[in-house]
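Each protein sequence line maps, in turn, to chains A and B.
Anchor point for the first sequence: position 49 equals 49 in our numbering, and the numbering is continuous, going up by one each time.
Anchor point for the second sequence: position 117 equals 117 in our numbering, and the numbering is continuous, going up by one each time.
Some hints could be false.
Capping the alpha-carbon separation at 16 Å, the derived lysine to aspartate or glutamate pairs in EDC-like fashion look like this [as the list claims (entries may be wrong)]:
| id | chain 1 | residue 1 | chain 2 | residue 2 |
| --- | --- | --- | --- | --- |
| 1 | A | K218 | A | E360 |
| 2 | A | K376 | B | D56 |
| 3 | A | K123 | A | D28 |
| 4 | A | K556 | A | D481 |
| 5 | A | K108 | A | E56 |
| 6 | A | K376 | B | E237 |
Since the hints were made in silico from the structure, they are not lab data.
Model, not experiment: these values are computed from the prediction.
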Amino acid sequence: MRRIILATLLLWGITAPALFPLDTLRIDATLDTVFHQVTGSVAYKIPVEPAAGTIEFQLFPNVYSSDSTPYMRRSPFALQNKMGDSQYGKMTIDSVFFNGLNVSANFKVEYTRGTVALPQGLKVAGGDLKIFFKTAIPSQGDRLTYRGKEYLLDGWYPSPARLLPDKSWYNPYYGGFSELVGDYFHFDVSLKLPTGYVVAAAAPPALDSLAESGQIVKFFFGPAHDFPLVVSPFLKTDSLDCGKTRLRLFYHSNEVAALGEIRDVALKTLEYMNNKVGPYQYEYLNVALIDFSMAGGIELPGLVILHSGTANLVFGRMFRAVIVHEIVHQWFYGMIGSDQVESPWMDEAVSEFFTSEVLEEYWGGESNMLDFAGFKLSDRNLRRFAAHFGGDGIKIAQPSYQFLNDLDYFSGNYSRGGLAIETVDNLMGDSLSGKFWREYYRRYLFQHPSEKDFLNLIGEIAGARLTELLREILHGDYNYDISLTNLRNERLDSLTVRIELICRKTGGLAFPIDYWVFLSNGDTLRGIWDGTIGAEAIEIISDSFATGAVLDPEQKFAVDRDWLNNSLLLSGSSRPAMRLASGLLFLLESVLSAVAGL
Amino acid sequence: MNDLRKAFGKLIAVRGLWLNLYLVKALTATAFILPLYLVTDSYLSSSLYSRRLLGDWDISVLIELFGGRIDLVPVFLLFGLAAAIIFLLIMQFLNGGIYYLAVSGKISPVQWSDFWSECGTNFKAHLKITAMMIVVYLVLLIAGLIFVNMVGMAGGKLTGKSAMYMAGAKALILMVIMTTASTFSDAVRAAITARPGVSFRESLRTGSDFFRPRVLRLAGFYFLTYLPFLATWILVEILALWTVGFLGNVVGIFLEFILFQICSFSRTGQKLWYLFFIGGRFREAVPGRFLPQQAELGI
Ligand SMILES: [Zn+2]
Numbered sequence: 001m002r003r004i005i006l007a008t009l010l011l012w013g014i015t016a017p018a019l020f021p022l023d024t025l026r027i028d029a030t031l032d033t034v035f036h037q038v039t040g041s042v043a044y045k046i047p048v049e050p051a052a053g054t055i056e057f058q059l060f061p062n063v064y065s066s067d068s069t070p071y072m073r074r075s076p077f078a079l080q081n082k083m084g085d086s087q088y089g090k091m092t093i094d095s096v097f098f099n100g101l102n103v104s105a106n107f108k109v110e111y112t113r114g115t116v117a118l119p120q121g122l123k124v125a126g127g128d129l130k131i132f133f134k135t136a137i138p139s140q141g142d143r144l145t146y147r148g149k150e151y152l153l154d155g156w157y158p159s160p161a162r163l164l165p166d167k168s169w170y171n172p173y174y175g176g177f178s179e180l181v182g183d184y185f186h187f188d189v190s191l192k193l194p195t196g197y198v199v200a201a202a203a204p205p206a207l208d209s210l211a212e213s214g215q216i217v218k219f220f221f222g223p224a225h226d227f228p229l230v231v232s233p234f235l236k237t238d239s240l241d242c243g244k245t246r247l248r249l250f251y252h253s254n255e256v257a258a259l260g261e262i263r264d265v266a267l268k269t270l271e272y273m274n275n276k277v278g279p280y281q282y283e284y285l286n287v288a289l290i291d292f293s294m295a296g297g298i299e300l301p302g303l304v305i306l307h308s309g310t311a312n313l314v315f316g317r318m319f320r321a322v323i324v325h326e327i328v329h330q331w332f333y334g335m336i337g338s339d340q341v342e343s344p345w346m347d348e349a350v351s352e353f354f355t356s357e358v359l360e361e362y363w364g365g366e367s368n369m370l371d372f373a374g375f376k377l378s379d380r381n382l383r384r385f386a387a388h389f390g391g392d393g394i395k396i397a398q399p400s401y402q403f404l405n406d407l408d409y410f411s412g413n414y415s416r417g418g419l420a421i422e423t424v425d426n427l428m429g430d431s432l433s434g435k436f437w438r439e440y441y442r443r444y445l446f447q448h449p450s451e452k453d454f455l456n457l458i459g460e461i462a463g464a465r466l467t468e469l470l471r472e473i474l475h476g477d478y479n480y481d482i483s484l485t486n487l488r489n490e491r492l493d494s495l496t497v498r499i500e501l502i503c504r505k506t507g508g509l510a511f512p513i514d515y516w517v518f519l520s521n522g523d524t525l526r527g528i529w530d531g532t533i534g535a536e537a538i539e540i541i542s543d544s545f546a547t548g549a550v551l552d553p554e555q556k557f558a559v560d561r562d563w564l565n566n567s568l569l570l571s572g573s574s575r576p577a578m579r580l581a582s583g584l585l586f587l588l589e590s591v592l593s594a595v596a597g598l
Numbered sequence: 001m002n003d004l005r006k007a008f009g010k011l012i013a014v015r016g017l018w019l020n021l022y023l024v025k026a027l028t029a030t031a032f033i034l035p036l037y038l039v040t041d042s043y044l045s046s047s048l049y050s051r052r053l054l055g056d057w058d059i060s061v062l063i064e065l066f067g068g069r070i071d072l073v074p075v076f077l078l079f080g081l082a083a084a085i086i087f088l089l090i091m092q093f094l095n096g097g098i099y100y101l102a103v104s105g106k107i108s109p110v111q112w113s114d115f116w117s118e119c120g121t122n123f124k125a126h127l128k129i130t131a132m133m134i135v136v137y138l139v140l141l142i143a144g145l146i147f148v149n150m151v152g153m154a155g156g157k158l159t160g161k162s163a164m165y166m167a168g169a170k171a172l173i174l175m176v177i178m179t180t181a182s183t184f185s186d187a188v189r190a191a192i193t194a195r196p197g198v199s200f201r202e203s204l205r206t207g208s209d210f211f212r213p214r215v216l217r218l219a220g221f222y223f224l225t226y227l228p229f230l231a232t233w234i235l236v237e238i239l240a241l242w243t244v245g246f247l248g249n250v251v252g253i254f255l256e257f258i259l260f261q262i263c264s265f266s267r268t269g270q271k272l273w274y275l276f277f278i279g280g281r282f283r284e285a286v287p288g289r290f291l292p293q294q295a296e297l298g299i
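If we strip away everything but chain B, and leave its shape as in the complex, we get:
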């Protein structure tokens, strides 16, 4: 818990980085949502029917909008995919700097020149990990679904509330599996950051040597950082509904937008917080190039 508190202190210390990372995400998404906005606005702005969207997320407006233009749906899905790819590439560039800060712990004060010079180093390795993790996620998702369905064999016959709980439990199991995998990738990224020169294979080994004995604790701490975000998210959803319900005008929509963005911002913070935590733990176990000063002197 103490480590979590320390990591949170680091997160606050680099709030500028937090804000900027969020902005990268928000701007990338905006660039792809903007054309969608322009297209839909041309159909919605002068229509009386579209006003239903102001009070609720009335799916019927989307049905009218896309029902007769189903060909637009794959176009917009491709937009989303393009956004994801571009964002992934940007992040692999930034990961060098982010993991440098997280693993070295050199935060107060941050040497931004160091950060930028670290960005882009290990770009290929980060990209490799991303590619590898996409495969791992897919495999885990399929295996997880099979596992969850085996667990839920009895659940298939459940009805009413118990079926809902079973569905929730299944989702939770899948989430635990995926989160654990993502923690593993964090460990490998930390490994290539701590020891940049070594081979990819060696980094994988270092990462998994760190990961394996701590798997439960790492996942547990991930969920601890996730809880405040989850609370924010639920709060935002409730407030947003309330806001739009009472103020179905420009103010309501603007407030809802701000709430959504607060939630999105807190998600970036959650992961950064966790990275500072796991980075610190990793340095204790595998100091690599971040060997403490006195130890260096000892040699």
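In isolation and in its complexed conformation, chain A is listed as follows:
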């Protein structure tokens, strides 16, 4: 117990680069498992004088307050009214005290935004704020919900709105696909609940005592921008060393088979991310397996939620990718807190990119998603497929609430975003890439970098042209296609040949592109197409004929929508199409046999 507090204090000392001094958020609450609600109080010190004479909170449970909230209308999880015993979510603020003064009368709620206007002339900085709340837990939420006796609690307490550098409040708009946003705090949490329940959190309980008619568990954790919990009487626990980090697993008895895989994947992901980006800052990494939230996985600070339904062998590789993705979020979201509402690509796209990196490092790049009966697929290429499904007009870098459906959101934000980051990382090259991610971590650990910060750092490390390229991809229409449309040899005299290739690109991509020309003498000519104009002929004088050429031979431009048309081989071969036709013929014959018997 002491060790944890000490570690927390140490961390606090080393890593206090935040804009305003980190405060402690004290939560004192009771979980009522009969009426499925939490009651309690949140207390903290206001660090600076806010620009306006108000204090703001986020009342996240109100996103579940009806089927027609901005959040629920777009949510693929909007199943509330289909449940017989359905309960909507809601957060009620009973009273607010500032320095002991009851200011509840000045409290206003608008959807998820709570605002208290303080009496004029009152010094706010350093003042103590205490809020008494009651949260009704929705029966069918995605991150705040319960089923039977099991609870997933995220956004369950009134969370202070973020204070921006100009001391104004940032209280995000929780529309569709929006994830919780918060400032970094040290959490000091005390939860009373009936005996027999296990609580999965970012840290083990520092104190677990019996009280009248229940138990009280106390946690210290931070710095973090959220403190979620999984509460269940059925959870079993296991704990093992995963490098320097202690991995704590929370699971049901039928989920034992998945634990070995989780440990293996966690070990590898932690190792990769510690080296490539920066050390995991918490003593524990916690993984809870549940099957009552509809998401495949949810990232939370220090705590990863996995849906065990995807853990079977049939989807085993998908499960592995989900584990990697959620653990990577411990860096991009957890320790580096971008804005999940306004710039969801900064956590999702970056996590998708690193998921591929980790999978490729430990499971190979050829078939880390599928390897069965000669069929192979990598998760990178699966992402290229998914990137096609987003609708027209969406941008990778748009706010979460502007995505219209889950196809747009996942295709645009995760898939296209992941390919955008992959493109930029490829173009930086290995040494600059390492430098960039380590510097990004060093500079923004426990802070909230913006899109501008990300782009500026790219420029600092790799030059302004790459910044421009990424800005264009993030805000462009995603219709990039690089193609080689012509390859011609012309004999000038007995010794020289003029080779001409015509390179084209659509959608921008103002960045140099590599090309290779294969010569009849077996040599390969390597060059760079400047790529400042959309279509250009490149002339090469050589002593040998060209037999083929390829633009972007190493497939650095992951955002290129078609890699087939990047190359031209003068002696074409029908073998690939023949093999495909042979396989499809066999497939069609099998179907015919199935429908007609013979």
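The hints should help you fit chain B with the ligand onto chain A, whose structure is shown.
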């Protein structure tokens, strides 16, 4: 088992029919795969990236091929559907002859003039059975899925290998249900072949009277004929991978093609073998117009 051996002897005796039926299937499929080949070849032939397809069934090539041209996918699916419809129609024409041979057992030697004159008779009835069976299959598939999911309620929470076994068991249950249904349709087709004049309703009754008491045995024997095919199929898949892996050139692709076609050929043989078996059993139970000579004399 003896009956199965006898039926296999008949299959060998009519190997020409076996080969020709396979060819009908292969040619119908080829007619629809050919345009697909021409279209894909124009994208793949001069591309370096497409060479990945030579070693593995690398899905990434298909992603590049169809990813940006998703509109081509439904076109090709429609091609497949058209092939299935045309093949179904051809088969309903041929079924007259095939079931005639299977139920009459007049195989050594086959009177091909009889075969051809039987083709097309009962065409409407065979078509009706096909239409009926499509509905039956759909209903069974839905019911089967519900049943399988009820069986697998506990399976939903399984993880790891046990979940895989559960998925395999579910697939097997579905297959048993569908196979049993197909056996029923064989019985009805045999009934209309043995007694061509009677009403469709009457044939249905005859077919199901034959089918009901023997349901387990008929399905069991179906699986016995299916096993050698299954073995061939698995062997072909392994050999094909090996062949292409070692010989990623024209020879490898050609050998793989031949292996696939051997498998397709053996599937036609499997069903024909089973038809000779069930046809013989049916004649014993419902001789119809195929009454043995001496019995006719007895009347
Ligand atoms: Zn994510």
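Outcome of the hint check:
Of the pairs offered as hints, the one joining A:K218 and A:E360 is violated, with about 40 Å between alpha carbons and a cut-off of 16 Å exceeded. Under the criterion of a C-alpha separation no larger than 16 Å, the hint pairing A:K376 with B:D56 is consistent with the structure, at around 7 Å. At most 16 Å may separate the alpha-carbon atoms for a hinted pair to count; A:K123 and A:D28 exceed this at roughly 26 Å. Note on A:K556 and A:D481: the hinted pairing holds, with a Cα-Cα distance of about 13 Å set against a maximum of 16 Å.
Of the supplied pair hints, the one linking A:K108 and A:E56 holds, its CA atoms being roughly 10 Å apart against a limit of 16 Å. For the given pair, A:K376 sits about 15 Å from B:E237 by alpha-carbon distance, which is consistent with the 16 Å threshold.
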